[in-house]
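At the far end of the sequence shown sits residue 489, using UniProt numbering, and the numbering has no gaps.
These aren't lab readings, by the way, just hints derived from the structure by calculation.
Note that the Cβ used here is the ideal one computed from N, Cα and C, for glycine as well.
Mixed in with the good hints there might be a few duds.
[Unchecked claim] Label-pair ranges, simulated between beta-carbon atoms:
hint	residue 1	residue 2	range
1	Gly330	Arg403	15 to 25 Å
2	Ser438	Asn377	41 to 51 Å
3	Thr440	Leu401	45 to 55 Å
4	Gln169	Ala308	34 to 44 Å
5	Glu304	Ser244	23 to 33 Å
6	Gln247	Asn392	22 to 32 Å
[As the list claims (entries may be wrong)] When the alpha-carbon atoms are kept at most 20 Å apart in a straight line, the in silico EDC-like pairs for lysine to aspartate or glutamate are as follows:
hint	residue 1	residue 2
7	Lys152	Asp129
8	Lys225	Asp129
9	Lys252	Asp287
10	Lys152	Asp228
11	Lys47	Asp176
12	Lys251	Glu272
13	Lys252	Asp221
14	Lys184	Asp204
15	Lys319	Asp405
16	Lys300	Asp146
17	Lys106	Asp37
18	Lys225	Glu277
19	Lys252	Glu242
20	Lys184	Asp220
21	Lys252	Asp223
22	Lys240	Asp220
23	Lys47	Asp37
24	Lys240	Glu303
25	Lys184	Asp129
26	Lys64	Asp105
27	Lys252	Asp228
28	Lys47	Asp220
29	Lys47	Asp129
30	Lys152	Asp135
31	Lys184	Glu141
32	Lys47	Asp223
33	Lys152	Asp221
34	Lys300	Glu277
35	Lys152	Asp204
36	Lys300	Asp180
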Amino acid sequence: MSPQRSANITAAVILILLAGHLIPASSGQTAQQGTMDQQVLGYRVSKLTCSPTCSGNCYYSWLKQRWISDYWHTDEGYWQHTPTSIGCSTTATVWIDSTSSSIQDKYSCNVYTHVYSLPYCELGEQQWDVMYNLDSVCALEGSSVDLFCIYKHPGGLTVTASFWFINDQPGVGPVDLRDDDQYKGRVQYYQNQNQLYHTVTITDLRANDAQTYKFRFITDDPDGKYTDSSGIRLSVTGLKIEVSDTQGGGKKLICRSTCTLTNPTYIWYRNEQPVSEQNRAVLYLRDRTVDAGSYSCAVKGHEEIRSAAVCGFEGLQVKVEGATAALVEGQTVTLTCSSMCSQFYSNYTWYRNRQAVSEQNRSVEALGTGQNYSITNISSQHSGLYYCTALNQLGQHSSALARLDVFYPPRPPSLSEFNGFNSSITLVCVSDSNPASSYTWFRKTGSSSEPFRNGSNLTLAAGTAGVFLLSGRKSIWIIQLIRVAVYFS
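Using the sequences plus the hints, can you model the full thing?
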């Protein structure tokens with residue numbers, strides 16, 4: 001029978017048994033004297049097996065008689081008259097580490113079938129134990145973890161195998177982690193030369209690695225196997241950011257884990273760059289312009305393991321690409337709906353409003369979808385105010401307005417004639433251009449011409465004759481009238 005902790009009573013009860021807190025046998029209840037098999041293992045250790053064993057719960061008390069040598073005649077002596085109780089156990093086999101040569105000790109045992117029949121006892125010489133450094137541990141998914149234990153066994157035994165396990169298969173027994181398909185290539189063992197401690201390192205932690213890990217060792221004695229029933233509970237967590245709104249239009253970001261990490265120092269990233277002087281689990285964003293961007297968090301020492309990114313403030317804007325400093329007719333222009341958090345959006349829509357958006361004017365023209373909107377062979381008809389909207393599961397956001405101003409030369413003018421007072425004539429010339437044209441009238445005399453008047457309107461008194469030229473930006477227009485000769489082109 002292996003000296004493993006009994007599955008029938010709790011470890012706490014075993015400790016109570018071993019501490020001697022048992023009530024004495026009730027009247028009429030007697031112990032059955034067992035037959036002792038004593039096997040010497042080395043100089044100080046004896047393996048004791050008590051027979052008969054019984055079905056169900058059996059409890060054993062162990063007694064020792066010492067050989068008392070004659071002081072003057074060392075080859076003579078006598079056995080101690082009254083056996084001394086050395087303790088009790090719930091197993092039929094124990095290992096005794098004697099304080100003197102085990103050859104000089106004689107042991108006996110009694111078998112009880114009820115726990116309350118046991119006399120007061122304490123077995124201080126039972127030397128099997130496994131002590132873990134932790135009851136539980138929390139580690140990041142993708143990181144590594146070390147689980148550590150110290151173990152002991154009676155002297156005279158040699159450990160032939162030791163391993164960690166999570167699966168105890170019926171009929172097979174515990175399965176070494178190294179042989180478990182789930183852990184192949186991710187488990188390493190370390191132990192000192194004296195086999196006083198044992199460490200398992202599990203790398204590349206996964207969510208389903210969250211288990212209770214137990215340690216087992218086997219000695220060169222067929223009955224010398226031990227497994228601690230408690231183990232270390234491993235929890236595996238990822239990092240997740242919770243976002244909430246604060247007063248004043250700000251945001252509160254919290255880097256959370258599903259279990260409690262040991263003294264974590266947090267690192268925050270904005271657009272993949274560390275946020276300086278921020279090492280707590282909570283991050284406050286207050287400025288929609290300065291703080292706009294994508295945020296993620298990590299724990300110091302595991303910077304490569306980051307949370308999924310979240311959007312602080314979207315910072316949505318329209319960027320104009322492919323245009324020169326002066327946007328002129330005939331060019332190709334691409335508008336891009338750009339955001340500090342572009343990865344969070346999947347649906348984009350483009351709009352044009354040829355007048356500024358206001359409470360009185362909300363009329364818009366839908367242009368198309370997609371993050372980019374291209375205009376080929378751009379003309380004055382494309383001038384206006386553009387904006388985009390981006391949609392995700394959290395709602396829709398709109399960019400600020402972006403103005404497209406297309407430059408073009410003056411169009412052929414239209415000339416209007418108005419009769420004024422005293423038979424005067426006023427000529428009004430209008431030409432569309434961007435930027436707006438400036439006008440200068442010239443009066444031609446012979447082969448030369450002189451500036452006559454500025455502005456698009458020209459008023460001539462009755463009887464004025466001549467040839468007049470109207471100059472606009474980069475163009476000259478000539479028009480001939482009936483009463484006065486006026487030319488422009």
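Each hint, compared with the structure:
| no. | hint | result |
| --- | --- | --- |
| 1 | Gly330 with Arg403: 15 to 25 Å | holds (19 Å) |
| 2 | Ser438 with Asn377: 41 to 51 Å | violated (28 Å) |
| 3 | Thr440 with Leu401: 45 to 55 Å | violated (36 Å) |
| 4 | Gln169 with Ala308: 34 to 44 Å | holds (37 Å) |
| 5 | Glu304 with Ser244: 23 to 33 Å | holds (28 Å) |
| 6 | Gln247 with Asn392: 22 to 32 Å | holds (25 Å) |
| 7 | Lys152 with Asp129 | holds (5 Å) |
| 8 | Lys225 with Asp129 | holds (11 Å) |
| 9 | Lys252 with Asp287 | holds (12 Å) |
| 10 | Lys152 with Asp228 | holds (11 Å) |
| 11 | Lys47 with Asp176 | violated (28 Å) |
| 12 | Lys251 with Glu272 | holds (19 Å) |
| 13 | Lys252 with Asp221 | violated (62 Å) |
| 14 | Lys184 with Asp204 | holds (11 Å) |
| 15 | Lys319 with Asp405 | holds (14 Å) |
| 16 | Lys300 with Asp146 | holds (18 Å) |
| 17 | Lys106 with Asp37 | holds (11 Å) |
| 18 | Lys225 with Glu277 | violated (53 Å) |
| 19 | Lys252 with Glu242 | holds (8 Å) |
| 20 | Lys184 with Asp220 | violated (28 Å) |
| 21 | Lys252 with Asp223 | violated (60 Å) |
| 22 | Lys240 with Asp220 | violated (49 Å) |
| 23 | Lys47 with Asp37 | holds (8 Å) |
| 24 | Lys240 with Glu303 | holds (14 Å) |
| 25 | Lys184 with Asp129 | violated (28 Å) |
| 26 | Lys64 with Asp105 | holds (7 Å) |
| 27 | Lys252 with Asp228 | violated (45 Å) |
| 28 | Lys47 with Asp220 | holds (13 Å) |
| 29 | Lys47 with Asp129 | holds (17 Å) |
| 30 | Lys152 with Asp135 | holds (19 Å) |
| 31 | Lys184 with Glu141 | holds (17 Å) |
| 32 | Lys47 with Asp223 | holds (10 Å) |
| 33 | Lys152 with Asp221 | holds (15 Å) |
| 34 | Lys300 with Glu277 | holds (13 Å) |
| 35 | Lys152 with Asp204 | violated (31 Å) |
| 36 | Lys300 with Asp180 | violated (31 Å) |
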